[in-house]
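Participant: Below, each chain spelled out in residue letters.
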Amino acid sequence: MTTVPVSLTSDMIAAALHQLRQNAPKVHCVTNTVAQYFTANVVLAIGAVPSMTIAVDEVEGFATNADALLVNLGTLDDTRRVAIPKAMRAARDAGRPVVLDPVKVHRSKVRCEFAVGLLAEKPTLLRANEDELGALFPGGATFGDMADKDRTLAMSGRQDLIGDGQKCLRLDNGHPLLAQVTATGCAGGAVMAAFLTVEPDPVLAAAMGLSVFNIAGEIAAERARGPGSLVPELLDALYLLDADQLDGRLKLSDLQEGTGS
Amino acid sequence: MTTVPVSLTSDMIAAALHQLRQNAPKVHCVTNTVAQYFTANVVLAIGAVPSMTIAVDEVEGFATNADALLVNLGTLDDTRRVAIPKAMRAARDAGRPVVLDPVKVHRSKVRCEFAVGLLAEKPTLLRANEDELGALFPGGATFGDMADKDRTLAMSGRQDLIGDGQKCLRLDNGHPLLAQVTATGCAGGAVMAAFLTVEPDPVLAAAMGLSVFNIAGEIAAERARGPGSLVPELLDALYLLDADQLDGRLKLSDLQEGTGS
Amino acid sequence: MTTVPVSLTSDMIAAALHQLRQNAPKVHCVTNTVAQYFTANVVLAIGAVPSMTIAVDEVEGFATNADALLVNLGTLDDTRRVAIPKAMRAARDAGRPVVLDPVKVHRSKVRCEFAVGLLAEKPTLLRANEDELGALFPGGATFGDMADKDRTLAMSGRQDLIGDGQKCLRLDNGHPLLAQVTATGCAGGAVMAAFLTVEPDPVLAAAMGLSVFNIAGEIAAERARGPGSLVPELLDALYLLDADQLDGRLKLSDLQEGTGS
Chain S
0 MTTVPVSLTS DMIAAALHQL RQNAPKVHCV TNTVAQYFTA NVVLAIGAVP
50 SMTIAVDEVE GFATNADALL VNLGTLDDTR RVAIPKAMRA ARDAGRPVVL
100 DPVKVHRSKV RCEFAVGLLA EKPTLLRANE DELGALFPGG ATFGDMADKD
150 RTLAMSGRQD LIGDGQKCLR LDNGHPLLAQ VTATGCAGGA VMAAFLTVEP
200 DPVLAAAMGL SVFNIAGEIA AERARGPGSL VPELLDALYL LDADQLDGRL
250 KLSDLQEGTG S
Chain F
0 MTTVPVSLTS DMIAAALHQL RQNAPKVHCV TNTVAQYFTA NVVLAIGAVP
50 SMTIAVDEVE GFATNADALL VNLGTLDDTR RVAIPKAMRA ARDAGRPVVL
100 DPVKVHRSKV RCEFAVGLLA EKPTLLRANE DELGALFPGG ATFGDMADKD
150 RTLAMSGRQD LIGDGQKCLR LDNGHPLLAQ VTATGCAGGA VMAAFLTVEP
200 DPVLAAAMGL SVFNIAGEIA AERARGPGSL VPELLDALYL LDADQLDGRL
250 KLSDLQEGTG S
Chain G
0 MTTVPVSLTS DMIAAALHQL RQNAPKVHCV TNTVAQYFTA NVVLAIGAVP
50 SMTIAVDEVE GFATNADALL VNLGTLDDTR RVAIPKAMRA ARDAGRPVVL
100 DPVKVHRSKV RCEFAVGLLA EKPTLLRANE DELGALFPGG ATFGDMADKD
150 RTLAMSGRQD LIGDGQKCLR LDNGHPLLAQ VTATGCAGGA VMAAFLTVEP
200 DPVLAAAMGL SVFNIAGEIA AERARGPGSL VPELLDALYL LDADQLDGRL
250 KLSDLQEGTG S
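Protein chains in written order, with numbering that gives the first Met the number 0: chain S, 0 to 260; chain F, 0 to 260; chain G, 0 to 260.
Hints were generated in silico from the structure; no laboratory data involved.
There could be a bad hint or two in this list.
One copy or two, it doesn't matter: identical chains are merged, so the pair holds either way.
Stated by the list, open to error - Computed list of lysine-lysine pairs in DSBU-like fashion (alpha-carbon distance at most 30 Å, straight line):
no.: 1; residue 1: LYS108; residue 2: LYS250
no.: 2; residue 1: LYS121; residue 2: LYS85
no.: 3; residue 1: LYS108; residue 2: LYS25
no.: 4; residue 1: LYS85; residue 2: LYS250
no.: 5; residue 1: LYS108; residue 2: LYS85
no.: 6; residue 1: LYS250; residue 2: LYS25
no.: 7; residue 1: LYS121; residue 2: LYS148
no.: 8; residue 1: LYS108; residue 2: LYS121
Please model the entire structure based on the sequences and the hints provided.
Facilitator: Laid out in structure tokens, this is it:
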């Protein structure tokens, strides 16, 4: 049951984006080989500084001296299997926020088991779609069951839900063309990691990151002819995004249940 | 000797493309690290769904629950050497079509030997250029020698030849600027794999895939200023390609030899 | 102390670029997973032919039958650690020029130690920024100390310095937006490697490559709306770059100290 009201305005998102651009936080991304290039460009476009190594000998150092960590389970090869727990522990020990994105766990039993093990490392934020959550939490668990105070959840889909068991937000921004480009979801996870460096509440940080990414996606899709031109347009829109655009487009709903609690 | 006439019209290609967009088949791509990002976007742009893992523990599962498999031998590291035969066998056991692209085997003896071994796995379609075929089949073998009923061959070049020993087609679509962009050939292999999910005859499926890719390439090259703008234009053109464009541009010749046989 | 005057004109750069486009030299790039795709497209855009494998069994063959080698230490996983010294030795034994780019060695002690070891392999050109050089040569070494006749140095930054202990050039071309796109520095290293195939003096070759890359970057940045559109514009600008553009934009200074020596 969500019982706590959430107040998140476009002005707050714009202020956090401004702060992010001022700080230029380092975001270390242990992500899949397909998404690395685009993710690095997305991280740069929002004003943060990416690093991407997955080398076992290096990953703890990079995770420690970065300001946030993204872990994405795509192309989960042997090196990544060893590097990921090391990176997550190093980041947690250094007090860094961690986003976990269990890409396509519904397509691979071995990957799903690996992901379940990582939940024990208590990532700050779990980002997944409905299929992936269904594989991680079998037995028809509801969003309320899966999100709790130790595990903020951002569920992507036609609408995005973000909650921590006490608060819950719904986002209605975005555009279908984003799904015709590879790694947009993966890169969105890196944006959420970047916002966790300027906003300590994971629900707010995730909502800020997703709003920024999806609103930039709307602007880009309106300018693009197809998925090819969407990519440069999206990076430009992220780079140029301003408070007026956020204010004019934000579609965020507080899903608080009950009253007066 | 090619003895069987082939009937392939732009309407048939348009119908197959429509079917492909309806079905949204899953195409698993074990491809090189340079081509992964662009290939995933090409697969999405034609309406299919890519997956790209090369992890040894995962690749059989992904190959089995996909609808077609692309194997590309670029950046042939140790993981790929183990994963590729596993993926090919899993796909064949599950009845999935397999496209093999022996990238740059003429530049590496060890890669060439590996590729020759893979021919024993009987890929549905072998896609290669003249240099690569020269390395795979030394001793001046002709196209007719190399293509047979167990091995449909798509030979790319200024003109593309597609044959299975009985039928042979020549395609004259495409644009030189496509060669100034990395991974266009690699991504073309994934398009052919996608068409194998809607057209069972490998000669027809390969010709459909190559025609779609090369005609989109022509449209894109006419709009592009150089190889940089070609990339978004090509993805947009693939996404927007319609029956009229196919009809107006298709250059396909049946190379049947002899008469009345 | 720099004592030898350097004469490098835009006409010489244009002539070398023309020669490069005529020759279409093969540049083998052992580079990081993030940069591979963009680097391959940059190499193609200037008229050279990239290959990118890092596989241990293949890398010596590719390095030997290429015309130049780029080694970039990003995403320095176990395979790269083994492949890189093999590639460097094979290239040197075959008389090929080698560019070493010790990406982010200031972020990883283990990577820095590896890079210091590679300096013993005597790369033709070391390309690095100030942070990276500070990690490689601790104790406040000056540019003059770090560059010597066995080690030409290209130090990137707001201004670029290129020297070999006897000659020194300063380049003032480029645009801040280039830093908002991933792998521009990495790809610039590949361009320098390509110019080493047409100009034997590493100082001149590095200055030619950097001028070409940075002037194309200026042209692209003036046409781009942000970092997204910069990528296609940059590749187009490299492909279309001509003598007039080089002549109108080149900002190159000879930093010769003293007179008459």
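Participant: So, for every hint listed, does it hold in this structure?
Facilitator: Hint-by-hint comparison with the structure:
Taking identical chains as interchangeable, the C-alpha atoms of LYS108 and LYS250 are never at most 30 Å apart, the minima being 36 Å within one chain and 46 Å between chains. Taking the closest pair of Cα atoms, LYS121 and LYS85 come within 30 Å of each other only inside a single copy of the chain (13 Å); across copies the shortest separation is 34 Å, beyond that limit. For the identical chains of this complex, LYS108 and LYS25 are inter-copy neighbours only, at 18 Å across copies versus 33 Å inside a copy, given an alpha-carbon limit of 30 Å. Taking CA atoms no more than 30 Å apart as the test, LYS85 paired with LYS250 passes in neither setting, with 38 Å inside one copy and 47 Å between copies.
Proximity of LYS108 to LYS85 under the C-alpha cut-off of 30 Å is found in both arrangements, the shortest distances being 22 Å within a copy and 17 Å between copies. Taking identical chains as interchangeable, the C-alpha atoms of LYS250 and LYS25 lie at most 30 Å apart only when both belong to the same chain, with a minimum of 29 Å there against 33 Å between chains. Within a single copy, LYS121 and LYS148 get their C-alpha atoms as close as 11 Å, which meets the 30 Å cut-off; across copies the closest is 53 Å, which misses it. For the homomeric pair LYS108 and LYS121, the shortest alpha-carbon distances inside one copy (21 Å) and between copies (28 Å) are both at most 30 Å.
Of the numbered hints stated above, those contradicted by the structure are hints 1, 4, listed in ascending order.
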